[in-house]
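Residue strings, one per chain:
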Amino acid sequence: MKKLFLGVLTALALAASGTFAGTLDDVKARGNLLCGVSTGAPGFATVDDSGKDVGFDVDYCRALAAAIFGDPMAVKFVGLTSAVRFTALAAGEVDILARNTTWTYSRDTDLKQTFLGVNYYDGQGFMVKKELGVKSTTELDGATVCIQVGTTTELNLADYFKENGMSYEPVPTADNAESQQQYLAGACDTYTTDASALHGTRVNLENPDDHLVLPEIISKEPLGPLVRHGDDNWADIGRWVLNALVIAEEKGITKANIDSWKDTKDAEIHRLLGTGDDDILAMVGLPKNAMYNAIKAGGNYGEIFENNLGATSGINIERGVNASWTKGGILYSPPFR
Amino acid sequence: MTKIAFVRKKEIPPSAPPITEVGLIGWFRQNLFSSWLNSILTVLSVYFIVIILWDFIPWAYGGHWNTKSLRECLDLDPDVACFSVLTARWKQLLFGLYPAEEYWRPTLTFIFLLLAIVPILFPKFFRFFWFSIIYPGLAVWLLWGGSFWSISIVYIGLTLGALFFLTLIRQYLKNYIIAAVLAFLFTTVFFLFISNPLVGLLNVILPISLPFVESLKMGGFTLSLIVGVTGIVASFPIGILLALGRQSNLPVIKMICVGFIEFIRGVPLITLLFVASVLLNYFLPPGTNFDIVLRVVIMVTLFSAAYMAEVIRGGLAGLPLGQHEASASLGLTYWQSQRLIIMPQALKISIPGIVNTFIGLFKDTTLVSIISLRDPVGLASTIRADQKWNGIYWELYVAIGLMFFIFCWGMSQYSQYLERKLKTDK
Chain A
1 MKKLFLGVLT ALALAASGTF AGTLDDVKAR GNLLCGVSTG APGFATVDDS
51 GKDVGFDVDY CRALAAAIFG DPMAVKFVGL TSAVRFTALA AGEVDILARN
101 TTWTYSRDTD LKQTFLGVNY YDGQGFMVKK ELGVKSTTEL DGATVCIQVG
151 TTTELNLADY FKENGMSYEP VPTADNAESQ QQYLAGACDT YTTDASALHG
201 TRVNLENPDD HLVLPEIISK EPLGPLVRHG DDNWADIGRW VLNALVIAEE
251 KGITKANIDS WKDTKDAEIH RLLGTGDDDI LAMVGLPKNA MYNAIKAGGN
301 YGEIFENNLG ATSGINIERG VNASWTKGGI LYSPPFR
Chain B
1 MTKIAFVRKK EIPPSAPPIT EVGLIGWFRQ NLFSSWLNSI LTVLSVYFIV
51 IILWDFIPWA YGGHWNTKSL RECLDLDPDV ACFSVLTARW KQLLFGLYPA
101 EEYWRPTLTF IFLLLAIVPI LFPKFFRFFW FSIIYPGLAV WLLWGGSFWS
151 ISIVYIGLTL GALFFLTLIR QYLKNYIIAA VLAFLFTTVF FLFISNPLVG
201 LLNVILPISL PFVESLKMGG FTLSLIVGVT GIVASFPIGI LLALGRQSNL
251 PVIKMICVGF IEFIRGVPLI TLLFVASVLL NYFLPPGTNF DIVLRVVIMV
301 TLFSAAYMAE VIRGGLAGLP LGQHEASASL GLTYWQSQRL IIMPQALKIS
351 IPGIVNTFIG LFKDTTLVSI ISLRDPVGLA STIRADQKWN GIYWELYVAI
401 GLMFFIFCWG MSQYSQYLER KLKTDK
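Note that the protein sequences, when read in sequence, are chains A and B. At position 327 of the first sequence the residue is numbered 327 (the numbering used here), and the sequence of numbers has no breaks. At position 250 of the second sequence the residue is numbered 250 (the numbering used here), and the sequence of numbers has no breaks.
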């Protein structure tokens with residue numbers, strides 16, 4: 001058995017060595033995009049009751065597939081747990097990882113990955129019961145805090161309280177589910193995890209209005225899609241599809257009105273939608289109307305946000321810092337030229 | 001002559017036993033209140049059972065089945081179960097992300113599975129054993145789809161190889177080893193050069209095929225059964241061979257078997273699963289598609305084979321040395337004595353341990369959720385990531401637990417039946 005197993009490995013290694021092309025060519029040859037998403041992160045990726053993949057990260061990959069193939073369905077979603085996500089990308093099981101992954105220095109460098117940008121600025125927040133009367137994290141001195149052990153949130157919490165000269169008593173939990181149960185049972189005054197998760201949790205509590213997610217965010221968790229080191233063209237494609245979605249929101253291009261921009265004076269819109277004369281997308285090997293298709297797939301950034309994380313989704317996350325820079329947020333795309 | 005005043009002519013009819021010793025009261029006294037310690041334990045147990053059921057029954061009985069989301073459940077009545085999640089998702093819990101219009105395939109595979117194990121479990125039906133032999137190929141074809149011939153060619157090739165071997169032995173050769181080598185070569189040549197064109201030809205002449213379903217779509221209880229059943233079936237023979245190898249007099253075989261068993265038993269299953277899912281990818285060139293379900297099945301099989309080997313070795317050790325010596329003195333060869341004398345007894349002793357390992361293996365399949373496969377436990381977190389059901393825990397886990405319980409309990413019941421049937425001593 002073992003011998004056979006090793007034999008198979010060797011045979012496969014021999015068969016496939018020396019066949020390496022650019023990722024875009026591989027994707028085109030395969031006929032679909034392999035997109036690594038979370039096996040389950042509220043708002044970001046899951047499957048709905050009918051078995052269809054839905055979510056914020058899912059919609060980004062659909063836009064990317066639409067840009068390459070003109071078909072938002074030409075993508076296969078590979079659910080990945082956090083334990084295997086980076087190796088799956090490194091080993092080529094997926095072409096791109098859009099799995100609410102925080103962009104950090106060591107992930108960028110040591111793990112040899114290229115982050116394509118930030119599609120969601122998350123951060124650690126706190127949830128409290130309203131009856132506690134707390135309006136800000138600075139009033140949490142002496143609080144008992146439910147915290148998942150072994151996560152960066154645990155370290156952030158310790159740092160934050162130390163910096164502000166406050167004390168707290170940790171109530172260790174294994175995961176968000178346990179934190180939530182402990183918090184509801186009254187074992188802790190507040191519980192802390194990524195703010196996006198707190199909002200999702202709060203909406204489905206028995207009485208959401210009795211609970212409050214405090215406005216302060218105590219850590220930076222910029223989430224974004226990433227690819228392997230070594231194929232800059234592929235990274236450019238992923239980065240500019242993301243940028244195109246952001247620009248589209250800035251310019252007011254939506255899924256519904258995308259066909260009504262033919263006569264606009266704005267040259268950038270013409271370049272973006274491929275309605276002008278110059279075909280700048282040929283530089284990366286995409287069709288002229290690639291970004292048109294990408295935006296058409298699920299709408300601009302704002303629409304995707306609204307459908308998966310905002311009011312339409314039921315999670316009700318405010319845009320906050322994730323608004324366009326023109327509207328007081330920090331989403332800012334380099335110009336499309 | 002003394003006069004005897006009274007001589008009893010008839011025996012006194014036996015009086016009824018004291019009311020405290022028979023009937024319901026007697027049963028209670030004997031089984032529940034036989035001593036003060038037992039009485040305390042009984043009262044405590046009843047207390048705990050009552051407080052659990054007191055909460056559980058109204059919670060489960062009044063549960064909502066037809067709401068659209070958890071929010072709706074909570075708005076209706078927050079104190080009862082929200083089983084609507086099962087109404088909405090039971091198909092996913094059973095079939096994973098398998099295409100809905102193809103649900104009949106895993107269902108049929110499961111029905112065939114029940115039919116295929118009957119000849120193995122009940123000797124009365126052994127004449128249908130041929131179905132158990134063709135079942136694995138049939139199951140693979142039904143589940144994954146593709147051309148019917150590319151699966152059946154394996155059977156055709158192996159059958160031809162076996163026929164070739166038998167013909168050689170009957171007609172031309174006396175030496176089993178040379179015949180086996182020749183038959184092996186014949187089969188290899190068949191698979192290397194003949195099978196592909198043959199499959200192509202058969203596909204043209206009589207195209208039978210099902211739409212292909214990739215492993216990515218496998219999930220839910222179907223996946224647990226694929227991994228669990230394959231692991232159980234494959235690990236049993238490998239375990240027997242390993243156990244025999246470990247007791248072998250041939251040092252090389254013994255060393256290989258001991259090394260394998262000790263290595264595999266020395267690492268946790270989750271480590272092996274990570275090797276299957278993550279580490280193998282580093283050895284394989286990018287873009288190679290070595291099916292993840294196959295990788296996991298191989299690892300699970302190896303893992304439980306090592307345990308199985310030790311369980312069976314325990315059975316072998318339980319046999320007196322005299323059994324080996326007696327069978328040798330009858331002039332039986334090694335394999336004859338294993339088949340006729342040793343194994344039947346050793347396996348009989350090992351039944352509880354073997355079934356124990358099987359049940360453990362079946363439940364261990366839930367570990368695959370950690371390496372991203374969507375087994376029922378993995379699906380539970382996927383389902384919770386849908387905002388409609390975000391926050392549902394008990395309902396899902398109760399349902400999943402119940403499904404596993406049914407299978408494990410079935411295995412346990414069968415093993416007890418088998419033990420009673422094989423009981424030859426008093």
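Worth flagging that the hints you see were computed from the coordinates, not collected in a lab. Among these hints, one or two may not hold up.
Stated by the list, open to error - SDA-like, lysine to any residue: derived pairs with alpha carbons at most 20 Å apart:
(1) A:129 <-> A:142
(2) B:217 <-> A:112
(3) A:129 <-> B:74
(4) B:348 <-> B:279
(5) A:52 <-> B:416
(6) A:52 <-> B:78
(7) B:348 <-> B:327
(8) A:130 <-> A:92
(9) B:68 <-> A:278
(10) A:76 <-> B:348
(11) A:52 <-> B:327
(12) B:217 <-> A:73
(13) A:52 <-> B:103
(14) A:251 <-> A:182
(15) A:129 <-> B:78
(16) B:68 <-> A:316
(17) A:112 <-> B:279
(18) B:68 <-> A:72
(19) B:217 <-> A:262
(20) B:68 <-> A:208
(21) A:262 <-> A:285
(22) B:68 <-> A:311
To see whether the hints hold, each was checked on the structure:
1. A:129 <-> A:142: 16 Å, holds
2. B:217 <-> A:112: 30 Å, violated
3. A:129 <-> B:74: Roughly 18 Å separates the two Cα atoms, so the pair holds.
4. B:348 <-> B:279: Not satisfied, since the Cα-Cα distance of roughly 39 Å exceeds 20 Å.
5. A:52 <-> B:416: 44 Å, violated
6. A:52 <-> B:78: 29 Å, violated
7. B:348 <-> B:327: Satisfied, since the Cα-Cα distance of roughly 18 Å is no more than 20 Å.
8. A:130 <-> A:92: 48 Å, violated
9. B:68 <-> A:278: 50 Å, violated
10. A:76 <-> B:348: 49 Å, violated
11. A:52 <-> B:327: Cα-Cα ~63 Å, so violated.
12. B:217 <-> A:73: Holds, at about 16 Å.
13. A:52 <-> B:103: 16 Å, holds
14. A:251 <-> A:182: 45 Å, violated
15. A:129 <-> B:78: Given that 20 Å is the threshold and the Cα spacing comes to 18 Å, the pair holds.
16. B:68 <-> A:316: Holds. Residue 68 of chain B to residue 316 of chain A sits at ~18 Å (cutoff 20 Å).
17. A:112 <-> B:279: OK: residue 112 of chain A and residue 279 of chain B at ~17 Å, within 20 Å.
18. B:68 <-> A:72: Violated, because 28 Å separates the two Cα atoms, which is more than 20 Å.
19. B:217 <-> A:262: Roughly 42 Å separates the two Cα atoms, so the pair is violated.
20. B:68 <-> A:208: 18 Å, holds
21. A:262 <-> A:285: 24 Å, violated
22. B:68 <-> A:311: 18 Å, holds
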